[in-house]
Amino acid sequence: MGKVTMTVNGRQMTAEAEGRTLLSTWLREGLGLTGTHVGCDTSQCGACVVHVDGQPVKSCTALAMDLDGAEVRTIEGMANADGSLSAIQQAFQDHHGLQCGFCTPGMVMAAAALLKENPKPTEAEVRHYLEGNICRCTGYHNIVKAVLAASGQDVSGLGIAAE
Amino acid sequence: MPKDGIGASTKRREDLRFLTGNGKYTDDINLRGQAFVHFLRSDVAHGRINGIDTTVAADMPGVLRIFTAADFESAGGLPCGWQVTDKHGQPMQEPKHPILAEGKVRHVGDPIAAVVAETAEQARDAAEAIEVDIEELPAVIDMKAALAEGAPKVHDELTSNLCYDWGFVEENKAAVDEAFDKAAHVVSLELVNNRLVANPMEPRVAVGDYDPWGDQSTLYTTSQNPHVIRLLMGAFVLNIPEHKLRVVAPDVGGGFGSKIYHYAEEAFCTFAARALKRPVKWTCSRSEAFISDAQGRDHRTKMELALDADHNFTAIRTETYANMGAYLSTFAPSIPTWLHGTLMAGNYRTPLIYVNVKAVFTNTVPVDAYRGAGRPEATYQLERIIDKAARDLGVDPIALRRQNFIKPDQYPYQTPVAVVYDTGNYDATMDKLLEITDHAGFAARAAESANRGKLRGFGVASYIEACGIAPSNLVGQLGARAGLYESATIRVNATGSISVYTGSHSHGQGHETTFAQVVADMIGVDASTIEIHHGDTSNSPMGMGTYGSRSLAVGGSAIVRATNKVVDKAKKIAAHLLECAPEDIELKDGKFSVAGTDKSVDWSGVTLAAYVPHNYPLEDLEPGLEETAFYDPSNFTYPAGAYGCEVEIDPETGKVDIVGFAAADDFGNVVNPMIVEGQVHGGLAQGIGQALMENCVFDDSGQLLSGSFMDYAMPRADDFPGFKVDHSCNTPCTHNPLGVKGCGEAGAIGSPPAVVNAVIDALHRAGHTHVSHIDMPLTPSRVWAAMQK
Ligand code: FES
Ligand code: FES
Numbered sequence: 091m092g093k094v095t096m097t098v099n100g101r102q103m104t105a106e107a108e109g110r111t112l113l114s115t116w117l118r119e120g121l122g123l124t125g126t127h128v129g130c131d132t133s134q135c136g137a138c139v140v141h142v143d144g145q146p147v148k149s150c151t152a153l154a155m156d157l158d159g160a161e162v163r164t165i166e167g168m169a170n171a172d173g174s175l176s177a178i179q180q181a182f183q184d185h186h187g188l189q190c191g192f193c194t195p196g197m198v199m200a201a202a203a204l205l206k207e208n209p210k211p212t213e214a215e216v217r218h219y220l221e222g223n224i225c226r227c228t229g230y231h232n233i234v235k236a237v238l239a240a241s242g243q244d245v246s247g248l249g250i251a252a253e
Numbered sequence: 022m023p024k025d026g027i028g029a030s031t032k033r034r035e036d037l038r039f040l041t042g043n044g045k046y047t048d049d050i051n052l053r054g055q056a057f058v059h060f061l062r063s064d065v066a067h068g069r070i071n072g073i074d075t076t077v078a079a080d081m082p083g084v085l086r087i088f089t090a091a092d093f094e095s096a097g098g099l100p101c102g103w104q105v106t107d108k109h110g111q112p113m114q115e116p117k118h119p120i121l122a123e124g125k126v127r128h129v130g131d132p133i134a135a136v137v138a139e140t141a142e143q144a145r146d147a148a149e150a151i152e153v154d155i156e157e158l159p160a161v162i163d164m165k166a167a168l169a170e171g172a173p174k175v176h177d178e179l180t181s182n183l184c185y186d187w188g189f190v191e192e193n194k195a196a197v198d199e200a201f202d203k204a205a206h207v208v209s210l211e212l213v214n215n216r217l218v219a220n221p222m223e224p225r226v227a228v229g230d231y232d233p234w235g236d237q238s239t240l241y242t243t244s245q246n247p248h249v250i251r252l253l254m255g256a257f258v259l260n261i262p263e264h265k266l267r268v269v270a271p272d273v274g275g276g277f278g279s280k281i282y283h284y285a286e287e288a289f290c291t292f293a294a295r296a297l298k299r300p301v302k303w304t305c306s307r308s309e310a311f312i313s314d315a316q317g318r319d320h321r322t323k324m325e326l327a328l329d330a331d332h333n334f335t336a337i338r339t340e341t342y343a344n345m346g347a348y349l350s351t352f353a354p355s356i357p358t359w360l361h362g363t364l365m366a367g368n369y370r371t372p373l374i375y376v377n378v379k380a381v382f383t384n385t386v387p388v389d390a391y392r393g394a395g396r397p398e399a400t401y402q403l404e405r406i407i408d409k410a411a412r413d414l415g416v417d418p419i420a421l422r423r424q425n426f427i428k429p430d431q432y433p434y435q436t437p438v439a440v441v442y443d444t445g446n447y448d449a450t451m452d453k454l455l456e457i458t459d460h461a462g463f464a465a466r467a468a469e470s471a472n473r474g475k476l477r478g479f480g481v482a483s484y485i486e487a488c489g490i491a492p493s494n495l496v497g498q499l500g501a502r503a504g505l506y507e508s509a510t511i512r513v514n515a516t517g518s519i520s521v522y523t524g525s526h527s528h529g530q531g532h533e534t535t536f537a538q539v540v541a542d543m544i545g546v547d548a549s550t551i552e553i554h555h556g557d558t559s560n561s562p563m564g565m566g567t568y569g570s571r572s573l574a575v576g577g578s579a580i581v582r583a584t585n586k587v588v589d590k591a592k593k594i595a596a597h598l599l600e601c602a603p604e605d606i607e608l609k610d611g612k613f614s615v616a617g618t619d620k621s622v623d624w625s626g627v628t629l630a631a632y633v634p635h636n637y638p639l640e641d642l643e644p645g646l647e648e649t650a651f652y653d654p655s656n657f658t659y660p661a662g663a664y665g666c667e668v669e670i671d672p673e674t675g676k677v678d679i680v681g682f683a684a685a686d687d688f689g690n691v692v693n694p695m696i697v698e699g700q701v702h703g704g705l706a707q708g709i710g711q712a713l714m715e716n717c718v719f720d721d722s723g724q725l726l727s728g729s730f731m732d733y734a735m736p737r738a739d740d741f742p743g744f745k746v747d748h749s750c751n752t753p754c755t756h757n758p759l760g761v762k763g764c765g766e767a768g769a770i771g772s773p774p775a776v777v778n779a780v781i782d783a784l785h786r787a788g789h790t791h792v793s794h795i796d797m798p799l800t801p802s803r804v805w806a807a808m809q810k
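Protein sequence lines, in the order shown, are assigned to chains Z and W.
So the first sequence is numbered by our numbering: it starts at 91 and just counts up by one.
So the second sequence is numbered by our numbering: it starts at 22 and just counts up by one.
For the record, the hints were derived by calculation from the structure and aren't laboratory data.
The beta-carbon is built from N, C-alpha and C at its ideal position, and this holds for glycine as well.
Wrong hints could be hidden among the right ones.
[Unchecked claim] Between beta-carbon pairs, the in silico distance windows are:
(1) W:ASP154 / Z:SER133: 33 to 39 angstroms
(2) W:LEU52 / Z:GLY144: 32 to 38 angstroms
(3) Z:ALA214 / W:ASP413: 35 to 41 angstroms
[Stated by the list, open to error] No more than 30 angstroms apart at the CA atoms, straight line, and that leaves these computed lysine-lysine pairs for DSS-like:
(4) W:LYS475 / W:LYS676
(5) W:LYS45 / W:LYS24
(6) Z:LYS206 / W:LYS117
(7) W:LYS586 / W:LYS620
(8) W:LYS323 / W:LYS203
(9) W:LYS203 / W:LYS174
(10) W:LYS676 / Z:LYS93
(11) W:LYS32 / Z:LYS210
(12) W:LYS125 / W:LYS323
Let the hints inform the model, and build the full structure from the sequences given.
Printed below as a string of structure tokens:
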């Protein structure tokens, strides 16, 4: 057991960790930041994605002890300073990119990382990039649409016959 | 209509908390003083428990108590909610389903002991130190082997592994056989409906809490139907009366059926919290979910279709083996029977149908409803055999369907399998499908694929489903041990805002938004003044929860009925205020006015009068404005549609790519088109997943080979193209007040046969005409192997 300190969503936060404590557990149980979700135990689902030093990381694969001093951003730190939804969050709401919301934090964090790396991705690039994030509810259609919309692209032709 | 009324694609209000990490899922609940449980589960599929030694484990750090079956002698088994009667009129065989294994373990994952400790890690460490002496017994995994003479029995106290042998309609069997004898053409097909794992992204969680001073138990759980859990667990398992038991299902991260059932872990946490007088929490890992969540499908069927010389369908005969797994999950017996046999007419006029189902116990994880539940199995059989018939007869599969469709002037249509369809127009959805898939352009696309060395194919499927379950008196006759109504309370507050309490439960469906749209539309107030509450037995009236695409059709109808009661009373109050007769009051856009005059009072004027009744007809009317209604549907609703899939196959590898998928659905009236489209997308992904990649496999000894996301292929974003969905061809339901039908399961029902039909089409176009069928999932190796023969 030892104390681990990180800058989480811009604030210095300290909580206990054992050697085996995962970053996801440290965030959820140590800091009470339950927005980061755990959907599997084989690092396959991506529900737990956060940003560590600017890079997307599956927080269930990282040990908290190893990350003392790191800069971490979670879904709780994604809204604008005034509390309104950021562009990517807003696009998920506008295009119905979530249903049960369980995969959503990881999806939003992964999508934000994609757009930082590739500000105008193609549909195929979005689908490929999100391959590590499983959503059981949406069939991905509206997630892909939301990410493309957040990148400023026209999504009106994306296959919804009713529109 | 207010701007967020019926028919508007209102953005979802619940998204704000989900998008900012502020959802409240069960695992986010941590109670003061909570302890943690870890279940020691069987690693063999079948075995006799000769002894459990907990001495070492009990002394390990943090361990509070270790429970085994002996601790549950006063408790009942997990009840089964549906009793099926077999073809001889006898009740199904119904073995006990204990909370912790008694004497024997019957599947990998069967819980043997439970350790409660101060931390989850301590509980897990101690569970590993429990010594269990298990004598492994031969396991039965294959259904036909399980029914063979002398097969090992899953339950020693039963006469065999046959749960029931069901015939539907048994009285029609002779006539069906005769129709086959006389048929001009008989087509038959043997097919497998592969076992699936629902895998909602949120694993199950249960937190039991107990207040000894008030003798109050509370269970927080990942459930689609908290009232049902309270009823089953309280009355049948733990003997806790309803007023001493509260069940809360907060935000739930998907269900797809797998969170309907009452599970052992829920009863355990409730029981252990009482025993230890501390909250007890269980969080399921994904690996544990694969061996403890009820699974879906797993049917083996021989399907036969008889046609006359003009290609009219004259009879259908099926024989299905349905896997129950090791125990009867809550609604398991009803799935292959009443949710499957009754759908065997599909969209077609087939006068004679006989469905036989043998439900079988095996040493595998229990099987129950998974998105669609019985209806996908029926649709798959029908839509595959019609394609095969068209191929055998050398006719167009779409034309053969159209020729046999029930036509719009034939409603209400009495099928030979009990259900009566109220409305529909199957040609309309087929026309729409062909339009949105650009069927006319297929030949050119196929040629272009061929230029790239790829095989292109197109397949269609029609479907109908019975949802909005269900009329209680009917299901009672069929063996249901519950009613299937829904409830709502509309509590109008003094200043006019409205709190709605529903017995439906949202785990992704967006009820907080759509139900508010319905009430806003009816009263003419802004949807933002309406709040929807659900998921807590302490504040909602007794409700049956969400499954079977019933929330809007049944739960929404209860809301309409309760709102009508509120409006009726509000009109009386308005009449008093405006000094006229209640019959003369009109409510429009949130204003009550006297017909033909300019006298009016607005909504909040009336609601204030109801709670501050200074000028109020107290001798005739109670103060307050709150009404509860229950709605029991008079029939199922029958969504239907046509789905089309375009595939491209790589002949070198057998890999199938979905290059186009379109769905034309008739859901009746639609409250929120955006949400409806999202429901279809999600269903399509699950159905295409079943068709192409998902498969739950046990080896001969009963070990689960697909026990994680590494081995069980979950569909991912790059497995699909964008979907084209349309719901413009609608025929409103005739018997519920909103005219709605239910859209949650359609995608998973109609898509598997469309995919398989498309693959077979591609292979035939490429000259592989010997391939009449490939069982799902159509993995590259299966498709490639089929091409080689
Ligand atoms: S919880 Fe981290 S990948 Fe699934
Ligand atoms: S929204 Fe439910 S898993 Fe993605």
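Checklist entry - Hints broken by the structure, by number, lowest first? => result 6, 9, 10, 12
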